[in-house]
Amino acid sequence: MAKVIGIVNLHTTTSFDGLTERRPSASVSFLGRYALIDFVLSNMSNSNIDSVGVLIQEKPRSLFKHLGGGDSWNFNSKAGGISFLYNEKYANNKKYNHDLNNLEENIHIIESVNAKYVVIAPAHILTTMNYDDMITAHEKTGARITVAYQHINNGGETFIGAQTLKVEDGIIKSFAANKGVNNECDVSLETYVINKDALCDIIRDAKKASSFFKLKDALAYYASEKKINAYEYRGYARYVDSLENYYKVSLEFLNLDISSAVFKSNWPIYTLTNDTPPAKYLKDASVKKSFIANGALINGTVENSIIGRDVEIGTGAIVKNSIIFTGAKIAEGAVVVNTIMDKRSQVKIQKDLIGDPQTPLYVKEGDVV
Amino acid sequence: MAKVIGIVNLHTTTSFDGLTERRPSASVSFLGRYALIDFVLSNMSNSNIDSVGVLIQEKPRSLFKHLGGGDSWNFNSKAGGISFLYNEKYANNKKYNHDLNNLEENIHIIESVNAKYVVIAPAHILTTMNYDDMITAHEKTGARITVAYQHINNGGETFIGAQTLKVEDGIIKSFAANKGVNNECDVSLETYVINKDALCDIIRDAKKASSFFKLKDALAYYASEKKINAYEYRGYARYVDSLENYYKVSLEFLNLDISSAVFKSNWPIYTLTNDTPPAKYLKDASVKKSFIANGALINGTVENSIIGRDVEIGTGAIVKNSIIFTGAKIAEGAVVVNTIMDKRSQVKIQKDLIGDPQTPLYVKEGDVV
Amino acid sequence: MGKEIVAMILAGGRGTRLKALTASVAKPAVHFGGKYRIIDFPLSNCANSGIDVVGVLTQYESVLLGTYVGAGTKWGLDGKQSTAAVLPARERGGVGATWYAGTADAIYQNIGFLDEHSPEYVLILSGDHIYKMDYDKMLEAHKQKGADCTIAVLNVSLKEASRFGIMNTNPDGTVYEFDEKPEKPKSTLASMGIYIYTYQELRKYLIEDAKDEKSAHDFGMNIIPNMLADNKKLYAYEFDGYWKDVGTVESLWEANMDLLEDRELDLYNIKKDWKIYTEDTLAQPQYVGEDAQISNSIINQGCMIEGTVTGSILFGGVSVGKGAIVEDSVLMPGVLVEEGSVIRKAIIDEGVVITENSKINEDAGEVVLVSNNEG
Amino acid sequence: MGKEIVAMILAGGRGTRLKALTASVAKPAVHFGGKYRIIDFPLSNCANSGIDVVGVLTQYESVLLGTYVGAGTKWGLDGKQSTAAVLPARERGGVGATWYAGTADAIYQNIGFLDEHSPEYVLILSGDHIYKMDYDKMLEAHKQKGADCTIAVLNVSLKEASRFGIMNTNPDGTVYEFDEKPEKPKSTLASMGIYIYTYQELRKYLIEDAKDEKSAHDFGMNIIPNMLADNKKLYAYEFDGYWKDVGTVESLWEANMDLLEDRELDLYNIKKDWKIYTEDTLAQPQYVGEDAQISNSIINQGCMIEGTVTGSILFGGVSVGKGAIVEDSVLMPGVLVEEGSVIRKAIIDEGVVITENSKINEDAGEVVLVSNNEG
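Protein chains in written order, with our numbering: chain A, 1 to 369; chain X, 1001 to 1369; chain Z, 2001 to 2375; chain Y, 3001 to 3375.
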């Protein structure tokens, strides 16, 4: 197989309200153990890509902490590794701080790897895509650019604001924005296989059309004149662009039909590991339909929830339809329903936290309520 | 010994012109193998400090790349480690982006370590200080704050703009700025031992005086009312605040009396290691009084210079009084004098680069001349 | 520049009384506590005590143990100035190929390794004890007393004392006699098999002992009696905490159950300063199904629980099917308990499948071990 | 999910003809090329060929080698899916303690390790050869031919052929005969001791061979002849590049000198795709003094040169004093050459001090070895 560079593209407008106040959506905790970015990184690792660059838009601190040297995702072979691509020049300039400028700023890192293809994928669209298969398809068509898409039948509810695309004979004719009008549509997964030289052309040429063009804008602009190949992906895919969607997609995993489509034995999801003891269930624990991370100490009732690392749930406390982040504490007898509790937050005084089933209540990192 | 947190304070106004355009001074290459920050990090490692936080002011990318997980400085014990303290909130606000605000933003990291003392030291003042000795002195006096200083007799030439201090009976009476008027003076090394609770007090109280107060301003403000202990350090110390000083301090190391005061067998200077083969001297090489890093391929004349990793010096080329950074190439027959060539720059066409002995010529990263 | 102290962990033994559990791994590599291997305890104790050069002496089934210890990364012992070195029995220049003949011989054969680090003190540990201990405090005591050898002891009951090597001490803590498993114990201070020696003293005694053809080359049987005979200063250092030598299937089960009873061994590290480090395996978080009932149990990531689990320790990747009951048991990594099965008071070895509706030790008699290996 | 290929590096031997250089380290750990140890070459070849499970079989002086190989970090082999496992001779369950009796026996004793990774193919390597080779290309050839065993061969001169194991081949590349050091060679294709076996085939032959009490348990002497006798498909894979077995002091010196002559072994990796990885030691950059003269030499960091160095290889931490002359020599780590000394055509072992005005091999006769150890 020709050598491939993976690029994780974190340039996005997704926001999870309070959850992304001090971290990018890519660093947001998921299922009590992962960060959202782990999915795309694991796909790259499992697709045998060993040189990965992460295009960082903003708030790099939590990303650096999570990613470290890339060891957790098996990118530490001498031949590869993980690089942080950060556009310091434009970090404070919203309009110019886009993926193409970031790529241009860091072009020597891409040029220094002797690769034929570049795979670009976002962190906020969760998939278990095998990029190796996509590259094989790309090679067969002889196209310079291939875009992955999925056919969905609930476009009125999800992928709102994402790109839809019109495909004819495997070629993309045009892109448009999903305004939620049609349920049946083909949505872009913002996942691309691009010949390295074609990417360099785009980086150079796009600004001739507009200096504000992002990669997806450039592709939409080129679709009419250049051949962009379409690749249909039929596996698990979710668009996580808001706090509501984050909450919904998280709890959906409690349905084993869905989570077992993601947790496949031949497709490990890698993440940063921690020195945490196993979860401990005390005498009064009662847990149903939930994910429980290590280090949790549980002596209350937990239902339909996701409990993160080192969470403590006191005697008689009740937690339902909630997502509790690392190190949060729920005092004895408290009731927490439809709530997201961020890292190290505590329920102490106000013992009834009841959120809306669609729009969960959010408790900030470290806050005590 | 009581447990200690080390803080490397990169909040500074030092600038090395082109060298610090895209990297903080702490990341600037030194002696062909180190980064400036390696000195303070090695001091901490050698002083048995295993929890270190780096207060990042700006341009974090190169720092993250260099520091990685802290393995190179022996901070990877399970008990300690290296943390990046970066103030995302004020990153774009020059007046507010100061060390005390950064410490406040990251206070939970300091609080989470069960330590009694905090050692704070900058990267742009090079020393080989044993902080353990300083802590011992601090403990004896019972002070809550100790400031390290050095007595110098060339204050008209160096430490210009740094703080001077007035010491009476081991107590600091006042701070002032070194305007270069007196050669004989006591200059602050901006290196502090502070009781953890005292530091927390300063972080909380300083903004009551002024929200723009940096740590050194706060200490100067307090000096009249609180007891600040002075600790005299008599070893190697250099103030590296400008391109000229950087050049001067670097070449000074070619004097063995000076470099052997720094490279002591019991005080290793740690740095990130690279998989680079040894330097190779070809048949026409002639090298005198120089440091040569690994991977260099030399077939010309080198005198009184510092040659970085993977530098190539062509047949008959002459390099004098110059600092050549990683991966730079000097073509056959070229003459390079009093020049700093940044990473991967090349002398190809314009074969005579002659800088001023006081103010070296600077060739930018990647540029071809 | 020599190290102040180097630790040597004796990890060469099989531990035959653990039966099938050590058919293909050495005893220090046996799983414990839902996530750990026994050797994590001495290694974490070293890391937490600030000891950064550790030799691990291996002989029986050393591959898994050697790979597991690796460069010491799991315990933060892989720094520029730290090392976890695996020291197998081997062929040496001028000596030839020799197996380790006893605990003292194993250290003797690695005098070269010790000399290289030229420590002032050597800490000798067993790779198969479960406890948290600050060796630094023991070293402080050793230095303060100016001892040649300090032996960690546990105050056991008089009844138990006959099962241990007993240190008979003077009022000042010096040892005047060592009784190996005495019928009529004169003291209740049992040796924990943890020694700090002043290295140059130990080195002399090891070299002497190696020359003695009649010696069993054992610390308890030879080195300590020899030192006592020479009137060397031997001190007993009393340890007051949880300590367990898991020599049998029964005691391994008990030690696991102790974790549920909140005895002194606090895996949850409430004091935040003495973590036990181990390998963190790749796994999804544990999933608890709609019909699950779990209480008083420790369960690791990667498990899938749909039945009833009480009073048990479940390692990573264990599945408990609907209607299955697991009580007072230890389920090693990857055990699959199919629907309707009942398991009581058992240790189920790695990878065992308990097929549908099986009953294991249903009456909860003596602890039962189920394994795919032969003992 | 099994691995496609696992590499096994035979690193157990002493290499007696290297005399004092292997007094306390195994031959694969011997220093080479100013910065490397010999075993860096097969390990880097594995890493660069995309082989990520590597077993290193050790027996003689395995501590330094085991610690050096560690978890494989230096070669990027310490990932979640990659491993460098040190496999010492050891005591095993149901077998007892056994040393490695020959190259084939060493692999036989680690069938358990191989079975665990269940590879389709096994690559057998020596830990003491210096070369760069893409094993992936050899594997491609093995698969394409549908071979049971593929043997890498080097086309040597007819004169040299008598020193090697020679493969006599048919025009299609199949091997019909193996001649160990033939007096009258029929071919010039010398075995490089590099084999790819289809694992299940190899496994059968290893088990058979282990039962044969008369066998020397050696690949060249037993396994290959047995396979030939059974008409198995054995292919010769011709390698065209630099390759050296550094068996003697003389050949070790030659291999070092080859680096200066810009032969095919390109440490400077002009093609940027086949780096040789090794340990990077802590050291300041090398300092070249005012009166130094250096040409045609390879010098590692940490050196301090004030004299004349030509045609030489200097490892880290070497000092050459004023007026000293070092010519055509290899100076191992930490060698100190005091003022006025002359060294010609020599290998100076680690840590040796050449005192003021000494003359070593001044007339540049046969290569000389100077060591603190006895050979």
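Hints may contain errors.
Across the chosen pairs, the derived CB separations fall in these ranges [what the hints assert, rightly or not]:
hint, chain 1, residue 1, chain 2, residue 2, range
1, X, Ile-1107, Y, Glu-3140, 51 to 61 Å
2, A, Glu-332, X, His-1108, 19 to 29 Å
3, X, Thr-1136, Y, Glu-3366, 22 to 32 Å
4, X, Gly-1018, A, Ser-15, 32 to 42 Å
5, Y, Asn-3357, X, Lys-1264, 25 to 35 Å
6, X, Gly-1366, Y, Arg-3017, 32 to 42 Å
7, Y, Arg-3017, Z, Thr-2248, 32 to 42 Å
8, A, Glu-252, X, Lys-1348, 51 to 61 Å
9, X, Ser-1260, A, Ser-15, 39 to 49 Å
10, Y, Arg-3163, Z, Thr-2248, 13 to 23 Å
11, Y, Gln-3144, A, Glu-232, 28 to 38 Å
12, A, Lys-348, Z, Lys-2184, 12 to 22 Å
13, A, Asn-92, X, His-1108, 57 to 67 Å
Derived by calculation from the structure, the hints in this document are not laboratory data.
In this text, all values refer to a predicted model and were calculated from it rather than measured experimentally.
C-beta: ideal position from N, C-alpha, C; glycine also.
Structure-based check of all given hints:
In this structure the hint that X/Ile-1107 and Y/Glu-3140 lie 51 to 61 Å apart at CB holds, the actual value being about 58 Å. Under the hint 19 to 29 Å, the C-beta atoms of A/Glu-332 and X/His-1108, about 25 Å apart, fit the expected range. Remark: the range hint 22 to 32 Å for X/Thr-1136 to Y/Glu-3366 is contradicted by a beta-carbon distance near 58 Å. A hinted range of 32 to 42 Å for the beta carbons of X/Gly-1018 and A/Ser-15 is consistent with their spacing of about 37 Å.
In this structure the supplied range 25 to 35 Å holds for Y/Asn-3357 paired with X/Lys-1264, their Cβ-Cβ distance being about 29 Å. Between X/Gly-1366 and Y/Arg-3017, the C-beta spacing of about 50 Å breaks the proposed range 32 to 42 Å. Take Y/Arg-3017 and Z/Thr-2248: their Cβ atoms lie about 51 Å apart, and the range 32 to 42 Å is violated. In this structure the hint that A/Glu-252 and X/Lys-1348 lie 51 to 61 Å apart at CB holds, the actual value being about 59 Å.
The given range of 39 to 49 Å is broken by X/Ser-1260 and A/Ser-15, whose C-beta atoms sit roughly 56 Å from each other. At roughly 58 Å, the beta-carbon separation of Y/Arg-3163 and Z/Thr-2248 lies outside the given 13 to 23 Å, and the hint is violated. For the pair Y/Gln-3144 and A/Glu-232, the beta carbons lie near 34 Å from each other, so the given range of 28 to 38 Å is met. For the pair A/Lys-348 and Z/Lys-2184, the beta carbons lie near 58 Å from each other, so the given range of 12 to 22 Å is not met.
Take A/Asn-92 and X/His-1108: their Cβ atoms lie about 26 Å apart, and the range 57 to 67 Å is violated.
Checked against the numbered hints above, the structure breaks hints 3, 6, 7, 9, 10, 12 and 13 and satisfies the rest.
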